[in-house]
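Novice: Chain residues, written in single-letter form:
2 protein chains.
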Amino acid sequence: MARVVVDVMPKPEILDPQGKAVLGALPRLGFDLVTDVRQGKRFELQVDGEITDAVLAEIEKVAGTLLSNPVIEDFEVHVEEHSVAEVAHEAGRA
Amino acid sequence: MARVVVDVMPKPEILDPQGKAVLGALPRLGFDLVTDVRQGKRFELQVDGEITDAVLAEIEKVAGTLLSNPVIEDFEVHVEEHSVAEVAHEAGRA
Numbered sequence: 057m058a059r060v061v062v063d064v065m066p067k068p069e070i071l072d073p074q075g076k077a078v079l080g081a082l083p084r085l086g087f088d089l090v091t092d093v094r095q096g097k098r099f100e101l102q103v104d105g106e107i108t109d110a111v112l113a114e115i116e117k118v119a120g121t122l123l124s125n126p127v128i129e130d131f132e133v134h135v136e137e138h139s140v141a142e143v144a145h146e147a148g149r150a
Numbered sequence: 057m058a059r060v061v062v063d064v065m066p067k068p069e070i071l072d073p074q075g076k077a078v079l080g081a082l083p084r085l086g087f088d089l090v091t092d093v094r095q096g097k098r099f100e101l102q103v104d105g106e107i108t109d110a111v112l113a114e115i116e117k118v119a120g121t122l123l124s125n126p127v128i129e130d131f132e133v134h135v136e137e138h139s140v141a142e143v144a145h146e147a148g149r150a
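As they're listed, the protein sequences go chains W and U. Each residue of the first sequence is one higher than the last, beginning at 57 in the working numbering. Each residue of the second sequence is one higher than the last, beginning at 57 in the working numbering.
For the record, the hints were derived by calculation from the structure and aren't laboratory data. Some hints here could point you the wrong way.
If several chains are the same, the list does not tell them apart, and a pair holds so long as it fits within one copy or across any two.
No farther apart than 27 Å at their CA atoms in a straight line, the calculated lysine-lysine pairs in the BS3-like style are these [claimed, not checked]:
id : residue 1 : residue 2
1  : K117      : K97
2  : K117      : K76
3  : K76       : K97
4  : K67       : K97
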């Protein structure tokens, strides 16, 4: 089982009210090191079998049509060994 | 300017209706290689100055309190050289 990750973020020129809300909340909670926050989406896709160029090409098509709105969002596709759940588990958080 | 990324995903045992909706839509759109989809959030945080262990510790605290709900979500913190926008730009998509 292979895992492909699609990250979707609002384009830099697009307002990001969710990110701004997080940024505004940080100093109120006592955190003052972060100067900007952007919020986007992360998709973890499971693929049966090997990740070939054809698989990645199909997932790029999925990312550009179903998972993101190309007018306001950028996306990136990459293969990732470990899911967030696995990393959190290793760090003793899950 | 350094960039720290926080990935937040629903825990494996938690139902993920958004991911299921995407998974259900894929075959209708002619994509049939993906066997499972989980949808989560991605935060890109800008930090002034260097990323020290103290900065990462503060961001882990932010991730565990403000950015994720530890009852239903796992998170992962890592430093990333390039934003999604920069990667998309290099790939000629933005």
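Novice: Take the hints in turn and mark each one as holding or not.
Specialist: Hints versus structure:
no. : hint       : in the structure
1   : K117 x K97 : both (17 Å within a copy, 20 Å between copies)
2   : K117 x K76 : between (30 Å within a copy, 19 Å between copies)
3   : K76 x K97  : both (16 Å within a copy, 15 Å between copies)
4   : K67 x K97  : both (12 Å within a copy, 16 Å between copies)
When the structure is compared with the earlier hints, no violation turns up for any of them.
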